Amino acid sequence: MRYSSIDILRTLSIVIMVVVHFCENLAGVTPKIAGIGAPMFMFLSGVSYRLWLNGRTTRQLSSDSINKITTRRGLFLIGLGFLFNVLVWMPEDVFNWDVLTLIGTGMVCLGMVRQSPPFLIWFACGMIFLISPVLRQLADWDAYWANGYFDPDFTMHDLWQGFLAVGYFPVFPWLLFPLLGFSIGTVTFGEKSDPPKTTVLLRTCGVGFALMGLAAFAVATRYLLADQFPATWPKSWTMFPPSLEYLTGTIGWVLFAFGGAYWLVDLKMPPDSFKSFRKVTEQFSRRSLTAYLLHHVVHLWPLWLYAVWLGQEPTYYWRQATDLNTALLLAALFIVACYAFFSWLDRRKYPAVENLMRWLCD
Amino acid sequence: MPTTDTNTMDKSHPVVPDHRTMANLVSDLELEIWEVGFVQQAEPHSQSFGRRFGERQQHQIVRTSITTTQQVSRLAMSGRSLTLIVVPDDPTHGLATVQKLQEWLDNSDPTTTIRSQLLALQGAQIVWHPQCLVVMVSPNRLETVCQAVLEGYFYESQLRSLESTLEANWDGTLADAPLGFEFNANAISRREELAQRFRDVLNLRTRYARLTSFIIVPHVYPPTLASQIGERLRERLRMEERLDLVDGKLEVQEHVYELCSHRASEFMVARTGHHLEWVIIILLGFQTLMWIVDLLATTSP
Chain A
17 MRYSSIDILR TLSIVIMVVV HFCENLAGVT PKIAGIGAPM FMFLSGVSYR
67 LWLNGRTTRQ LSSDSINKIT TRRGLFLIGL GFLFNVLVWM PEDVFNWDVL
117 TLIGTGMVCL GMVRQSPPFL IWFACGMIFL ISPVLRQLAD WDAYWANGYF
167 DPDFTMHDLW QGFLAVGYFP VFPWLLFPLL GFSIGTVTFG EKSDPPKTTV
217 LLRTCGVGFA LMGLAAFAVA TRYLLADQFP ATWPKSWTMF PPSLEYLTGT
267 IGWVLFAFGG AYWLVDLKMP PDSFKSFRKV TEQFSRRSLT AYLLHHVVHL
317 WPLWLYAVWL GQEPTYYWRQ ATDLNTALLL AALFIVACYA FFSWLDRRKY
367 PAVENLMRWL CD
Chain B
20 MPTTDTNTMD KSHPVVPDHR TMANLVSDLE LEIWEVGFVQ QAEPHSQSFG
70 RRFGERQQHQ IVRTSITTTQ QVSRLAMSGR SLTLIVVPDD PTHGLATVQK
120 LQEWLDNSDP TTTIRSQLLA LQGAQIVWHP QCLVVMVSPN RLETVCQAVL
170 EGYFYESQLR SLESTLEANW DGTLADAPLG FEFNANAISR REELAQRFRD
220 VLNLRTRYAR LTSFIIVPHV YPPTLASQIG ERLRERLRME ERLDLVDGKL
270 EVQEHVYELC SHRASEFMVA RTGHHLEWVI IILLGFQTLM WIVDLLATTS
320 P
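Here the protein sequences line up with chains A and B, keeping their order. Using the numbering used here, the first residue of the first sequence is number 17, and each one after it goes up by one. Using the numbering used here, the first residue of the second sequence is number 20, and each one after it goes up by one.
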């Protein structure tokens, strides 16, 4: 069964990521919406894993098979993440620990904790939340990000530091989003994908709203009472590194959006309303992994190839290829072309990356 | 608030007169038809009949309506209450009418195997049927006899209710029995259901215990007509033997749900312990992680 709310939120996160990446990588401008797409994408990977698990349990798939499939999928995503880093970024960026490696790691972790009660997962999430700034401090995060991007050496030491605490999307704290998504999925749908109760959804929504309020309060305090805080304190709202305010706010956002969207779209609205819109979002949601890979290829490879063709360093035009408006226009064009491409794939029944994953892992 | 004892009537099968038999049931006698119920309340009921009875004398017989008819064929029972037919003590037609009524009652509901019982005692003729009683007795002993018959009927209906509830529970009991051996995470969602069934079985045991003292009673000396009617009814309806059977069935169901409650309780206690252990493991894991990151940082090239 497909949930339109999840499709809509996943499409939204893909669109946000596309816009942000186009603007950052082509125009060197970080839009204000940056930082809310990736957390939602990871959170929904946890929710979807819960729904997938319920489907497999209903079909009486053995626990052993579920473990194997989950681990294979996780390793596939980690491997795909490395391949993506090598082919789309540069071979020296193979260990930059991007979203795909994080979701793959999250998948393996979810396979291990899938039978744990939600409160234990929440406890682990709380610990991840609290310990991450400490780990960054211990690992000396600033030393790895001196140039404004993650720049490790090819040593085992830096590899582990990047994976755990200082990469783009290290396990600490980003793992809490898939874990949170899974536990919220368990609370919402149960272990048999039962229709959720309105009270559960509204409570999720309410907790999310409260957390967003708390984050806004914390950020406002830092700005309004700036002289009361020591200069050595970490910045208030940053995605790299993910500050506590940012984490609180994005956790609140994903909870609020998930609870609210489900309540509004799947419970309150008639299933046949906004059919075309639902169809588009379903298309993007089903092919979200392909869309994630494709949008990087489409806007980064031309940059590298054009620079090499002109005899420059491959990254010469990175963040300075176009102005903001052109980048936005290209992002919009990509989204339209992407939908047309996915429809063409469907009509021809050609496989995408998701099909490859299922074929290899299931 | 008076509480009508709903267990006393079998509502599922209202007596539907058999028309072939009814054609032969014409009688010249005027029959009195009482609609009777039972209530449990401390205050006297406005329509109460006879004296109070039962535990703490809290039960009252309530006569909700009295009608008369000269034709037995006009009798119809709704099944919503107990019908008591008083046949006048007429030596010429009375006995024949009682027999016809008994025959009619036996044919009234082909779905039940319960047959009516005829008691003849000191000139009184009593027909017992799960939904209808027929009494033929001289007017001066009518109240005494009706009181005794209705009390007997009340206890028998309580016993019948216990039996039917226990029978209805068997499927659930068999389904729950495996949980008496092993309780697992999948069964956690059924804990409330199991607890409810355990409470239901305890409730049945309580009802059984309270009923026993009215069914297993010593003979009254010197015997009275009322006491003899009670004894004879208990004997003819095999109430003591049925009580033993109920006891055996209750024991099995109690045993199953006791085991389930123990297993569930043990599982939940162990689960809480495991959760605490996991919390400690997570804390130790994070401590180790911090140590590793610290070590990596201090040993950086």
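Bear in mind the hints are in silico, worked out from the structure with no lab data behind them. These numbers come from a predicted model, not from an experiment. Treat the hints with caution; some may be incorrect.
Chain A is faced by these chain B residues, among others (derived, beta-carbon under 10 Å) [claimed, not checked]: (1) 138; (2) 141; (3) 142; (4) 305; (5) 308.
Stretches of chain B that chain A covers, calculated by requiring three or more beta carbons in the stretch to come under 8 Å of a beta carbon on chain A [to be verified]: (6) 161 to 170; (7) 255 to 261.
Backbone N, C-alpha and C define an ideal beta-carbon position, used for all residues, glycine too.
(request) Please write out, lowest number first, the hints stated earlier that are contradicted by the structure. (result) When the structure is compared with the hints, numbers 1, 2, 3, 6, 7 turn out to be violated.
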